[in-house]
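Chemist: Same order as they appear, the protein sequences are chains A and B. Terminal number for the first sequence in the working numbering: 295, no gaps in between. Terminal number for the second sequence in the working numbering: 295, no gaps in between.
Any given hint could turn out to be false.
Because identical chains share one entry, a pair is satisfied inside a single copy or across any pair of copies.
Calculated cross-link-like contacts (lysine-lysine; reagent style DSBU-like; alpha-carbon spacing at most 35 Å) [unchecked claim]:
1) Lys235 - Lys271
2) Lys196 - Lys235
3) Lys196 - Lys271
Quick caveat, the hints were computed from the structure, so don't treat them as lab data.
There are 2 protein chains.
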Amino acid sequence: MAKGLRIAFQGERGAYSEEAALALFGEEIELVPQRTFDAVFAAVQEGHCDHGVVPIENSLAGSIHRNYDLLLQYDLYIVGEHNLRISHCLIAHPGVGLGEIRRVYSHPQALAQCEHSLRELEGVQVVATIDTAGSVKMIKEQGLRDAAAIASERAARLYGMEILRRDFEDERTNYTRFIALGRKPVTPEGEAKTSLAFAGRNEPGLLFRCLSAFALRNIDLTKIESRPLKGVPWEYIFYLDFAGSLSEERCRRAVEQLKEMANFVRVFGSYPRAPAAWVEAES
Amino acid sequence: MAKGLRIAFQGERGAYSEEAALALFGEEIELVPQRTFDAVFAAVQEGHCDHGVVPIENSLAGSIHRNYDLLLQYDLYIVGEHNLRISHCLIAHPGVGLGEIRRVYSHPQALAQCEHSLRELEGVQVVATIDTAGSVKMIKEQGLRDAAAIASERAARLYGMEILRRDFEDERTNYTRFIALGRKPVTPEGEAKTSLAFAGRNEPGLLFRCLSAFALRNIDLTKIESRPLKGVPWEYIFYLDFAGSLSEERCRRAVEQLKEMANFVRVFGSYPRAPAAWVEAES
Numbered sequence: 013m014a015k016g017l018r019i020a021f022q023g024e025r026g027a028y029s030e031e032a033a034l035a036l037f038g039e040e041i042e043l044v045p046q047r048t049f050d051a052v053f054a055a056v057q058e059g060h061c062d063h064g065v066v067p068i069e070n071s072l073a074g075s076i077h078r079n080y081d082l083l084l085q086y087d088l089y090i091v092g093e094h095n096l097r098i099s100h101c102l103i104a105h106p107g108v109g110l111g112e113i114r115r116v117y118s119h120p121q122a123l124a125q126c127e128h129s130l131r132e133l134e135g136v137q138v139v140a141t142i143d144t145a146g147s148v149k150m151i152k153e154q155g156l157r158d159a160a161a162i163a164s165e166r167a168a169r170l171y172g173m174e175i176l177r178r179d180f181e182d183e184r185t186n187y188t189r190f191i192a193l194g195r196k197p198v199t200p201e202g203e204a205k206t207s208l209a210f211a212g213r214n215e216p217g218l219l220f221r222c223l224s225a226f227a228l229r230n231i232d233l234t235k236i237e238s239r240p241l242k243g244v245p246w247e248y249i250f251y252l253d254f255a256g257s258l259s260e261e262r263c264r265r266a267v268e269q270l271k272e273m274a275n276f277v278r279v280f281g282s283y284p285r286a287p288a289a290w291v292e293a294e295s
Numbered sequence: 013m014a015k016g017l018r019i020a021f022q023g024e025r026g027a028y029s030e031e032a033a034l035a036l037f038g039e040e041i042e043l044v045p046q047r048t049f050d051a052v053f054a055a056v057q058e059g060h061c062d063h064g065v066v067p068i069e070n071s072l073a074g075s076i077h078r079n080y081d082l083l084l085q086y087d088l089y090i091v092g093e094h095n096l097r098i099s100h101c102l103i104a105h106p107g108v109g110l111g112e113i114r115r116v117y118s119h120p121q122a123l124a125q126c127e128h129s130l131r132e133l134e135g136v137q138v139v140a141t142i143d144t145a146g147s148v149k150m151i152k153e154q155g156l157r158d159a160a161a162i163a164s165e166r167a168a169r170l171y172g173m174e175i176l177r178r179d180f181e182d183e184r185t186n187y188t189r190f191i192a193l194g195r196k197p198v199t200p201e202g203e204a205k206t207s208l209a210f211a212g213r214n215e216p217g218l219l220f221r222c223l224s225a226f227a228l229r230n231i232d233l234t235k236i237e238s239r240p241l242k243g244v245p246w247e248y249i250f251y252l253d254f255a256g257s258l259s260e261e262r263c264r265r266a267v268e269q270l271k272e273m274a275n276f277v278r279v280f281g282s283y284p285r286a287p288a289a290w291v292e293a294e295s
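Turn these sequences into a full structure, and let the hints steer you where they fit.
Modeler: So this is what it looks like as structure tokens:
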């Protein structure tokens, strides 16, 4: 894609989000690390970066509700998606053996995904940090030769460290779906997907009537999830993704019908549909 | 409820699951701690325990897919539910001040839920452990006077420790829904709920047709979630909860219709509906 685009992502250089950003926008981009997801959204909205890349769901842990909340809070659009197979490595200083490791550092989610593998390392203390790649950077900079970090192969390479174990995660079917954020909506060519959220008072048939907008037009759903609305008893917010673009008449009409039936509808955008990572992972 | 029931839960004494078990089965039960969720299911299936209690969804983190997988894997029924407001405390030895804390121990999920609060404690190392209450026990037994744990008020009381900070979580609307497991289905009296999972080949209108089974009978849905089926591209599994019991004709008929339309249906059971914790939390 375009040269010199500034792309915001959460974490240190070598984070999984960085890999997703490179897959989405190409190798020529300028990567701009941010401390939090909130900062990624703010950097794009305020114009410091052209786009942002954040995880939206993981095959083991489910939807990342924090980023759905931020999508609702900011005025940004989803302009792309990428499914990344998450393959965790156990990373240490070159020459250090597995038997010398006394502590393992990583983000709580990565630690949770490697729970069984970690239990097999005896007498090792597990330490939670704010991100995966940052843990590799930290043990490198502080010269911690009795420590290891759980992060991506890319992080090991970037910081000149060695991989003690590959595929350290407990389940191989671990993939994360990332979305690209922009200030303006895009009009995808070819296979497309549209993401939106809607809310309504829970009453029998509400969801059925809302889904009729799509079913009666033969529009394929790729995700649906209900979530209780914070602080509003018995009201739900639904996350919905469908195959198709708002540039298609039938999709626009479906969303119009949805607006008649739900109290609240927010379209996050239409964008090119990415291949599923689990198709590659399983084949 | 009945005296002397043996109830399996994951974690150490003082875990949030233990609180849910007491709320579900009364104070007279015998609590049987297990190391993993898998062990909870096995203890009930093999008859070592009468019932088990596991978390199934959290308002911030979403569904606990691991326990849905175990529901599908074992031949057990859901016989009850309880919504617990999760209120994390920062816990240390009596007499220890906040300024003396150098390390904080807890389960990765609890650490993630207290991320902002933890960042405000300067120069503190965050250490991930296998559970919340077990961290309190550990700092107690090892006499770690420069350490604190994040766990429930109950855990602090149980181990004779002191609460340095209450409501340590970043968001107050943090509640977890627990389910009670049994070897036999129950017939709930009064307001009831039924949980099931179904799967089908993704094609336009599949979900709409499936939901018609409920909408056409005025049956209220309380949860719906799609999840890609592991290793089967383009097939989805859906988690669905509805208001009502299989002892009602219209609910039985709805499930019969669903079976005609989906490739796979598994009913986890009907059980008494619990009040929503967030209603209490917000009022």
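Chemist: Run every hint past the structure and note whether it holds.
Modeler: Status of the hints after comparison with the structure:
1. Both within a single protomer and between protomers do Lys235 and Lys271 lie at most 35 Å apart by alpha-carbon distance, with minima of 19 Å and 21 Å respectively.
2. Within a single copy, Lys196 and Lys235 get their C-alpha atoms as close as 23 Å, and across copies as close as 33 Å, so both meet the 35 Å cut-off.
3. When the C-alpha separation of Lys196 and Lys271 is checked against a cutoff of 35 Å, the pair qualifies only within one copy, where the shortest distance is 22 Å, while the shortest distance between copies is 44 Å.
The structure is consistent with each of the numbered hints, conforming to all of them.
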